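Visitor: Okay, here's what each chain looks like letter by letter:
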Amino acid sequence: MSFFFRIGVNIFSWLCTRWSTKMESRADLKDEDLVARCREGDKQAFGVLVQRYMKKAFGIAFDYTRDREAAKDLSQEAFLRAYLQIKRFDGRSTFYTWFYRIVVNLSLDYLRRRGRARWERFDETAENPAERAPMVDSSTPDRVLMAQETVLRVARAVETLPTSHRTAFLLRNHQGLSIPDIARVMKTTDGTVRVFLHRAVAALRQTLAEIA
Amino acid sequence: MIRDKDAHGSACEQFEEKLVLYYFGDCPPAEQERVEAHLKECVSCGCFLEDIRTMLPKTADSTSMPDAFWHDYYAEVMTKVAAVEPRAYWWKEWVSFLGSWPVPAFGAAVVIILALTLAFTKGMWRADDRAAKEIIPREIVADPGKLDFFKTMDVLESLEFLEAVEGTTSTRGRIHRL
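Read top to bottom, the protein sequences are chains E and P. Quick note: the first sequence uses our numbering, first residue 3, plus one each step. Quick note: the second sequence uses our numbering, first residue 3, plus one each step.
Calculated from the structure, these hints are not laboratory results. Please read all numbers here as calculations on a predicted model, not as lab measurements. One should not assume that every hint holds.
Output of the computed footprint for chain P on chain E, the stretches with three or more beta carbons under 8 Å from beta carbons of chain P [said to hold, decoys possible]:
1) 43 to 51
2) 150 to 156
3) 174 to 182
Label pairs and their calculated CB-CB ranges [said to hold, decoys possible]:
4) Leu-110(E) / Arg-55(P): 26 to 34 Å
5) Ser-166(E) / Pro-104(P): 43 to 51 Å
6) Asp-69(P) / Arg-155(E): 28 to 36 Å
7) Thr-81(P) / Arg-158(E): 31 to 39 Å
8) Glu-52(P) / Arg-83(E): 23 to 31 Å
9) Gly-178(E) / Pro-104(P): 49 to 57 Å
Some chain P residues flagged as far from chain E (calculated, every beta-carbon gap over 10 Å) [to be verified]:
10) Cys-14
11) Glu-43
12) Ser-46
13) Gly-48
14) Ala-107
15) Ile-115
16) Lys-124
17) Met-126
18) Gly-169
The C-beta atom is built at its ideal place from N, Cα and C for all residues, glycine as well.
Here chain E stands alone, though its shape is the one from the complex (with noise of 0.2 Å):
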């Protein structure tokens, strides 16, 4: 009777350890292989996904609605959507510069559908613009009131860049993506995402210019 009962305590802590070790693994598996577990079903892969690009994703909705609430639901939308299709995916480009596409695609949806209210909705915002600014310098109430003003000025400026421009500019700039994963999320070529770089920073440069 123990010996049966010694078997089972064995395959017990067997199969504890082996469904520990797969928890485990889970957050040392490169995207393809969490992309292919999730493709079977695996849902706590596509949680170490989320996991993994959960901040990227909310920062780049950010950038484009510059509303902490917009960019959470389109990044969360843009989880579940990725989930759905990722049979979709091919492999052809990498889970980050697919999932990335998603996020701009739908933060760029959200800005049309918007359209005149984000504006407005921004001009709100600026009566608080401590919402938006969380980094300004606060030595003194005046510095504080220009470091806001400014980096309005710069939000609006980045908002008034064209679409292409933009998303070129913002995958570059604040999420420090390469061009050519750049290119990738865009579907274009490097060179042309070398250009849109270029114009965007000459108009940020010219607009900043005029203001100070």
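With chain E's structure known, arrange chain P on it following the hints.
Guide: Just chain P now, kept in the frame of chain E:
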């Protein structure tokens, strides 16, 4: 030669794009050396680079959120993922199993089997034997004696025929005898 231009003027046309790439660290090594050499002698390009070094970090807002936010964020995403997961219906599995090629293949197999069965068992399957049997009314079957009556009907008909033939003959004979 040091060229001087206005503070917020354009950089040299052929170097402006390279300066942007240089700022982002996307310049190839050879280009990088050229840009650095040019910066030593061109003030306007130096101003351009200085401007973007000052300006671009300001465009990137900090979006650092507390850990609690990310914890809730993750939980919400996983809840949504669990909610949208399609339920496994048994009939959908069957439909997917019988998708595309198996249905026509199954149909063709059934037709072939039927055709072969009919071809090789021809004549083995008899039609209903009762249909082949003579239909005898029930009241007659109940009284076998009447069956004989009907059987003798043929004889009677034959007799009548004989009589008719004979009658003709006898009439002729009588006439003949008369």
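Visitor: Take the hints in turn and mark each one as holding or not.
Guide: Cross-check of the supplied hints:
no., hint, verdict
1, 43 to 51, "holds (count 3)"
2, 150 to 156, "holds (count 3)"
3, 174 to 182, "holds (count 5)"
4, Leu-110(E) / Arg-55(P): 26 to 34 Å, "holds, 29 Å"
5, Ser-166(E) / Pro-104(P): 43 to 51 Å, "holds, 48 Å"
6, Asp-69(P) / Arg-155(E): 28 to 36 Å, "holds, 32 Å"
7, Thr-81(P) / Arg-158(E): 31 to 39 Å, "holds, 36 Å"
8, Glu-52(P) / Arg-83(E): 23 to 31 Å, "violated, 42 Å"
9, Gly-178(E) / Pro-104(P): 49 to 57 Å, "holds, 51 Å"
10, Cys-14, "holds, 13 Å"
11, Glu-43, "holds, 21 Å"
12, Ser-46, "holds, 12 Å"
13, Gly-48, "holds, 14 Å"
14, Ala-107, "holds, 26 Å"
15, Ile-115, "holds, 37 Å"
16, Lys-124, "holds, 52 Å"
17, Met-126, "holds, 53 Å"
18, Gly-169, "holds, 101 Å"
The structure fails hint 8 only (numbered hints given earlier).
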